[in-house]
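Chemist: Going down the list, the protein sequences come from chains H and P.
The numbers in this note's numbering rise by one with no breaks, and the one at position 33 of the first sequence is 33.
The numbers in this note's numbering rise by one with no breaks, and the one at position 13 of the second sequence is 1013.
Be a bit skeptical, because a hint or two may be false.
Here are some, though not all, of the chain P residues that point toward chain H, as calculated from beta-carbon distances under 7 Å [claimed, not checked]:
#  : residue
1  : Ile-1005
2  : Ile-1075
3  : Ile-1077
4  : Arg-1079
5  : Arg-1146
6  : Pro-1147
7  : Arg-1149
8  : Gly-1151
9  : Val-1184
10 : Ala-1185
11 : Leu-1225
Beta-carbon label-pair distances, calculated as ranges [as the list claims (entries may be wrong)]:
#  : chain 1 : residue 1 : chain 2 : residue 2 : range
12 : P       : Gly-1230  : H       : Gln-61    : 27 to 37 Å
13 : P       : Gly-1133  : H       : Glu-15    : 21 to 31 Å
14 : P       : Gly-1032  : H       : Val-56    : 47 to 57 Å
15 : H       : Tyr-109   : P       : Gly-1092  : 32 to 42 Å
16 : H       : Glu-71    : P       : Glu-1036  : 48 to 58 Å
17 : H       : Gly-10    : P       : Asp-1017  : 49 to 59 Å
18 : P       : Ala-1229  : H       : Arg-67    : 38 to 48 Å
19 : H       : Ala-90    : P       : Gly-1082  : 43 to 53 Å
If you are wondering where the hints come from, they were derived from the structure by calculation, not from laboratory data.
Ideal placement from N, C-alpha and C gives every residue a C-beta, glycine not left out.
Letter by letter, the chains look like this.
Protein chains: 2
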Amino acid sequence: MTLSIIPIFGIGSIEPDADLAKIINGAANTQGTPIETGDCLVITQKIVSKAENRLVKIDHQDIQGRRRLIESESIRILRTRGELVISETAHGFVCANAGIDFSNVPSGYAALLPIDSDRSAQRVRSAMRSRQGVEVAVIISDTFGRPWRAGVTDVAIGVAGIAAIIDLRGELDANGRELTVTEVAIADEIAGAGELVMGKSTSVPVAIVRGVDKSWLGEGRARDLIRPAGEDLFR
Amino acid sequence: MTLSIIPIFGIGSIEPDADLAKIINGAANTQGTPIETGDCLVITQKIVSKAENRLVKIDHQDIQGRRRLIESESIRILRTRGELVISETAHGFVCANAGIDFSNVPSGYAALLPIDSDRSAQRVRSAMRSRQGVEVAVIISDTFGRPWRAGVTDVAIGVAGIAAIIDLRGELDANGRELTVTEVAIADEIAGAGELVMGKSTSVPVAIVRGVDKSWLGEGRARDLIRPAGEDLFR
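Please build the complete structure, drawing on both the sequences and the hints.
Modeler: Structure representation (C-alpha cells):
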C-alpha cells in the first residue's frame, strides 16, 4: 500500500519530435530505477509541449503581442489584472495565461499547451507498451493557481491508463450511512505528488509514482476533471 | 530524493480527548513502520475534530437545523444550491458546508472543523517531540472541492513544522530568466499525496510522508495558504 514517488534525473533538454518514451525509459534505467508495469508516470507539460513542437516565437518585451497570444489560446476570458489573464482554454482548463509558459523555455519562445493532452499521455503510454514493454499509466501535469488558496499546485491536464476521478458515491461510510461527496480527483493528487520531487528550477521533468491501487488503472481522461459549466457555481 | 507515502492502519475509533500522538505512534510501531525524525504526518481532520471534541448533535432529517449549523460556522456565504453551501469559515477556508462533516461520524452527530487547526497540528508535533522523541512535521488534511475542476482533493487546513508554501520567486529558471509564478503550495500537495493511500471509506486516517526536502522543514501555517481577499479575483 506504500506509494513511492521517484524523480527521474538526467532527461536533459527536449527537442521537437523527441521520443519521450525512449528518453524517459533510458534515464530511468541509467539511474537504476527502471520503469515497471503498474507504474504511473507524471510528465510535466513543458517537455511534452517541446516534444510536440508547441513552441512559438514571441518578443518578451511586447506586452500586446503576449496578450494576443493568450487570447488566441482562450475560448473565454474570466478575469484580468495587469498582465495576468485567467481564461478557459479550448481543452476546458481554467488557468492563468491560457497555460502558456513564458519561463523555462528557450529565450524568445513561449510554450503552448499540447493540442490534446489526453492524446499526448496516450501516445507515451502506447510507446512505453509497444517499444519498452511496460504497461504504465501516464499523467501530464501542469502548474495551476486556484481561487481562495494561495500558491500553485500541479494538476493533471492529460491522463491515460488510469482513472482521473475515483467515484466512491454510494459506498457506505464507516457508520453505514451513504457518503455524499466522494469523487476523488486522484489524477490531480498524483500530479501534485509528482511535483513534490520535481521542484521548479531543477531539471526533473518526470516522476515515477509506484504502488498506485490496481483498481485505479484503466480508462480515464483529463476531460473528466473539467467541471461542467452548468454544475459550476463559479463560472 | 524518493518520497514514500505510508498509510498507518489500525488507528481505530478516536474518542474525545484521545492522545493522538500516542495512538498514531503506537499504530505505526505495531505495523512495523516506526515514525522517524524528518517525517511529515498527514492526519485527516476528522480524527482531530473527534479528539478535540468538536462533535455536535444534529438531527440528520432537519434540513433547517443543518443549514443553521453551517451558517453559524461561516463568516460569509459565497454560493448556495439546494443543500450545498459554499462559504468562508472563520479560519478563512472557502469550502462546502463550512467544512462540517455529516458522514463518517457517529449517527446523530456532525463534526465541526478544529477551532485552530494550525494549533492542532502544533499540538501533535509537540507531543511527538516531547513524549515520543521524534521531530516531525504535521499536516491536518481535509477534503475540499474546487471551482472549474471536478472531484475533490485533500488540502492542508493545519500545518506545523513545515512550510505551507515554498517561495521560489527570484530563483532563475533553467534559461537564466527569472521565474514569475513559483509559490508552490507544498502542504496542499503533501495532503493530497497522503489522501492517495488513505481512501475514503477505509480506516486509514493518517499517512507518513517520508523523504520530504529538509529545506522545507521549519515554520509554516495553514493561514499562509489563504489567498488574501484583496488578491483574490474570485471572491
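Chemist: The structure should be examined with respect to each hint, and the outcome stated for every one.
Modeler: Do the hints match the structure? See the list:
The beta carbon of P:Ile-1005 comes within 4 Å of a beta carbon in chain H, closer than 7 Å, and the hint placing it at the interface holds. Taking 7 Å as the C-beta cut-off, the interface hint given for P:Ile-1075 is violated, the closest approach to chain H being about 13 Å. Among the interface hints, the one on P:Ile-1077 is violated; its C-beta lies about 12 Å from the nearest C-beta in chain H, farther than the 7 Å criterion. Because the smallest distance between the Cβ of P:Arg-1079 and any Cβ of chain H comes to about 4 Å, under 7 Å, the interface hint for this residue holds.
Satisfaction of the interface hint for P:Arg-1146 is found here, the shortest Cβ-Cβ separation to chain H being roughly 6 Å, below the 7 Å cut-off. Because the closest C-beta pair between P:Pro-1147 and chain H is about 4 Å apart, less than 7 Å, the hint holds. Contact between P:Arg-1149 and chain H, as hinted, is supported at the beta carbon level, the nearest pair being about 5 Å apart and thus within 7 Å. A cut of 7 Å between beta carbons decides the hint on P:Gly-1151: the least distance to chain H is about 3 Å, and the hint holds.
Interface hint status for P:Val-1184: upheld, as the beta-carbon distance to the closest one in chain H is roughly 6 Å, under 7 Å. Nearest Cβ of chain H to the Cβ of P:Ala-1185: about 3 Å, under the 7 Å cut. The hint holds. For P:Leu-1225, the interface hint holds, since its Cβ comes within 7 Å of a Cβ in chain H; the closest pair sits about 5 Å apart. Distance hint for P:Gly-1230 and H:Gln-61: a CB-CB separation of about 29 Å, consistent with the stated range 27 to 37 Å.
Separation of P:Gly-1133 from H:Glu-15 is about 52 Å and departs from the stated range, judged on CB atoms against 21 to 31 Å. Distance hint check for P:Gly-1032 and H:Val-56: the Cβ-Cβ separation is about 53 Å, which falls inside the suggested range of 47 to 57 Å. For the pair H:Tyr-109 and P:Gly-1092, the beta carbons lie near 39 Å from each other, so the given range of 32 to 42 Å is met. Look at H:Glu-71 against P:Glu-1036: about 51 Å separates their beta carbons, and that is inside 48 to 58 Å.
Checked against the given bound of 49 to 59 Å, the beta carbons of H:Gly-10 and P:Asp-1017, roughly 52 Å apart, stay inside it. The hinted window of 38 to 48 Å between P:Ala-1229 and H:Arg-67 is violated, with their beta carbons roughly 26 Å apart. Between H:Ala-90 and P:Gly-1082 the Cβ separation comes to about 31 Å, which falls outside the hinted range of 43 to 53 Å.
Violation of the numbered hints given earlier is confined to hints 2, 3, 13, 18, 19; the remaining hints are satisfied by the structure.
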